[in-house]
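Protein chains: 2
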Amino acid sequence: MEKPTKITSVSVKDIRFPTSLQKDGSDAMHKAPDYSCPYVAIVTDTGLAGYGTTFTVGRGNHIVCCAVEAFEKQLVGQALSDIFNDFGSFWQSLVSEDQMRWLGPEKGVIHLATAAIVNALWDLWAKIEKKPLWKLLVDMEPEKLVSTIDFRHMTDTLTKEEAIDILKKMQSGKQEREKELLEKGFPAYTTSCGWLGYSDEKIKKLATEALAEGWTRFKMKVGADVKDDCRRAKIFRETVGSDCLLMVDANQRWEVQEAIDWMKQMAEYKILFIEEPTNPDDVMGHATIAEALKPVGIGVATGEMCQNRVMFKQFLKAGAMQYCQIDACRLGGVNECVAVILLAAKYKVPVCPHAGGVALCELVQHLSMFDFVAVSGSMENRMIEFADHLHEHMLAPVVLKGGRYQAPQTPGYVVGMHDKSLADFEYPNGAEWQRMFKEGLFQPE
Amino acid sequence: MEKPTKITSVSVKDIRFPTSLQKDGSDAMHKAPDYSCPYVAIVTDTGLAGYGTTFTVGRGNHIVCCAVEAFEKQLVGQALSDIFNDFGSFWQSLVSEDQMRWLGPEKGVIHLATAAIVNALWDLWAKIEKKPLWKLLVDMEPEKLVSTIDFRHMTDTLTKEEAIDILKKMQSGKQEREKELLEKGFPAYTTSCGWLGYSDEKIKKLATEALAEGWTRFKMKVGADVKDDCRRAKIFRETVGSDCLLMVDANQRWEVQEAIDWMKQMAEYKILFIEEPTNPDDVMGHATIAEALKPVGIGVATGEMCQNRVMFKQFLKAGAMQYCQIDACRLGGVNECVAVILLAAKYKVPVCPHAGGVALCELVQHLSMFDFVAVSGSMENRMIEFADHLHEHMLAPVVLKGGRYQAPQTPGYVVGMHDKSLADFEYPNGAEWQRMFKEGLFQPE
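Here the protein sequences come in this chain order: A and B. Under this note's numbering, think of the first position of the first sequence as 1, with each following residue one higher. Under this note's numbering, think of the first position of the second sequence as 1, with each following residue one higher.
Worth flagging that the hints you see were computed from the coordinates, not collected in a lab. Every value quoted in this text rests on a predicted model; they were computed, and no experiment measured them. Treat each hint with caution, since some may be false.
Same chains, same names: a pair is fine if it fits in one copy or spans any two.
Keeping only pairs whose Cα atoms sit at most 27 Å apart, straight-line, the calculated DSSO-like set for lysine-lysine is [what the hints assert, rightly or not]:
| hint | residue 1 | residue 2 |
| --- | --- | --- |
| 1 | Lys294 | Lys131 |
| 2 | Lys73 | Lys438 |
| 3 | Lys204 | Lys168 |
| 4 | Lys73 | Lys13 |
| 5 | Lys294 | Lys169 |
| 6 | Lys264 | Lys234 |
| 7 | Lys346 | Lys227 |
| 8 | Lys317 | Lys294 |
| 9 | Lys317 | Lys264 |
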């Protein structure tokens, strides 16, 4: 019998990029984010390494690193085959650890750390199978794929049997869809033109350039001042025309009634959805907003801060989200993302993942492509967010053509980052951080 | 003009008690908890110190300590008068910090850390005013008290004006109620007799002793096996009689339908409420359970893992909780607890705080006493949990007589812990931990 491959080490680096210097990523709640990630490496006794990240906006990144370290004992010494043979149970053992679960459960710092670890395990699995993650998922037997999911606290809405049924129904036509995906890629929308800190001129210039590159779907940040937002939406519409899609994102800025009033004032600019109108925990509030905005044709999108499958099941059940914006690193990694993709399929809600940040584009493209080929079977109303920052640090950066993500071919999931990027941007001792401290651009924490 | 008192330092110790050795605190989800707390000290330039804690069950306690440290910069140098003059805004600035809020927002590790810090500030305030916290709150003008609350994402359910109105209506009779409180204390129930790891004999013995001491309200843990639970409930009923109150606690063990089926089997033992029947995030699931158990007279209680006021407002609105179990350290400290107490008053749901753990009894007694004197005006169906562990470490431990909490008189909130306790149980270098490592009772992490 072959000796099973075992995990020999789990390590984590605190990686931060000084994005606040350019106001990239600024929105109504995050005025000066420094896009960051704990960068997790899981190494096996064969020398193979899987990488995983989760996304944060700077200060506090080391708290998540600290949480990753606390999981080390549950991983080192484990055989990969034991994990992958019953990944659902292993996932449950991670999130249910007797003492750690008190700190969540399954939310916030602990769950962000879980995501980084779990994504590194999937990176390993995909590398072993020599497939990009989307293809690993697409090729998996429905029963096997569903065995990776923890159905605890979800069975009143989606059972294991229903999940297998959804996947089995979509087996026919898979090859054609895979071909279509490889040829055409998957639709994207861009957030890079409409950050809240950008001037009118910058917005106009960036939107003009994006349109020329083939982009047809745009999102802008709103929520500071309704008159500013209307002016900016008008600039967008004048620049991109009436056929392009325009979405807006308030990053949780409003009270329930405020969201309704504000968005009614913006309806004339033909807004497809309002993203995160209010607190991300407020299922009932979102349902009220969705109901009120239905007559003006604006949907509600949320999910990037939706903490776990239990919250998603309620949002979907209550009609509180018309666009389901899973985040590859806020949910507890691929296993829980697949669970939510299946839940969304049951409620016929399109999945439009949150991306941007660090590595999120590289990650979520796999989830949407799997969704198209094996679950929803459709690209209609489905698109992946795109922000054009920090891809240069990735070993296998996303490839976009004419506003569409091209299906990645490199085996793995997050795949990894360049050694030089890690050396330069590890906080606080990386070469770039030391330079910036010296130049007075940042104060060490 | 007098120089304002300023904060000069914020420090935190990782304090852990080896409670897992006795199976104290064992339940369906936490088999071997080591009751722990980050112990926060906020010191001012006058030398006065305020202490705050939050509760965890062991491993991972240092993650919360790490989060506390990340807040240090927001506190050091602040004038106390600036904080207390507009505490609502200061609280919002803590939970909205540009980069840290991504890690929650307002939930999990970050919010537990917020609680420890905020409770230390209230401890300072109460010490300056030379009052126990409950009395500080009771004596505060309604407008002043309400100014400590952050109403963001709550105004669709409770506005500032409504909150002031609730408090103003209860101004009459305050003196009589305060007198009643001082004479009679506040009702408690005990969890100490019914931990899941205890034998039938131990349960019988402890319940008999408790009854003799004057206890009339009991809670037992359930959720591992329905036959065991029925047998244990029968032992309880045979021991304490049919007039005493009996509650059960499943610690989130069940699926929605499972909770309904299980509890219907236990109805014959006259169960007042089932606590945490399923996932703490599942508002809609709890509403379904509450509806189904209404005909057999069992209410639903939850809240010890309810992450913030936005979740509480939904539970209350949806009729998903008949008993509101706020936790002094899961919510973001006194400010948010007061907000939830006011929300519960609006929906006429009794507040029965979660306690036990480390320092929770010492903390929540203030909240219930304030609730009685200034908000609900009633002790009916209201009671505070009590577990008889670790009080010997507190500088001002709770005083119980005949199953009732006696109103504390020591100025402050958590007040503080003995120096010897801190020296013995700081992890991992405290004298007791070093002894236990040497004796092989625990492995260092």
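Q) For Lys204 vs Lys168, is the C-alpha pair at or below 27 Å within one copy, between two copies, both, or neither? A) neither (46 Å within a copy, 53 Å between copies)
Q | Lys294 and Lys169: within-copy, between-copy, both or neither at 27 Å Cα | A | neither (31 Å within a copy, 40 Å between copies)
Q: Tell me, please, which holds for Lys317 and Lys294 at an alpha-carbon limit of 27 Å: within, between, both or neither?
A: For Lys317 and Lys294, the Cα distance is within 27 Å both inside one copy (17 Å) and across copies (23 Å).
Q) When no copy is specified for Lys346 and Lys227, does a C-alpha distance of 27 Å or less occur within a copy, between copies, both, or neither? A) Neither: 39 Å inside a copy, 36 Å across copies.
**Q.** Same-copy or cross-copy closeness of Lys294 to Lys131 [CA-CA at most 27 Å]
**A.** Intra 42 Å, inter 53 Å, cutoff 27 Å: neither.
Q. How would you classify Lys73 and Lys438 at a CA-CA limit of 27 Å: within, between, both, or neither?
A. between (38 Å within a copy, 21 Å between copies)
Q) Given identical chains, is Lys73 near Lys13, meaning Cα to Cα at most 27 Å, within a copy, between copies, both, or neither? A) Cα proximity of Lys73 and Lys13: in one copy and across copies (17 Å, 23 Å).
Q. 27 Å Cα cut-off: does Lys264 pair with Lys234 within a copy, between copies, both or neither?
A. within (15 Å within a copy, 59 Å between copies)
Q: State whether the alpha carbon distance between Lys317 and Lys264 is at most 27 Å within one copy, between copies, both, or neither.
A: both (25 Å within a copy, 26 Å between copies)
The structure shown violates the earlier hints numbered 1, 3, 5 and 7.
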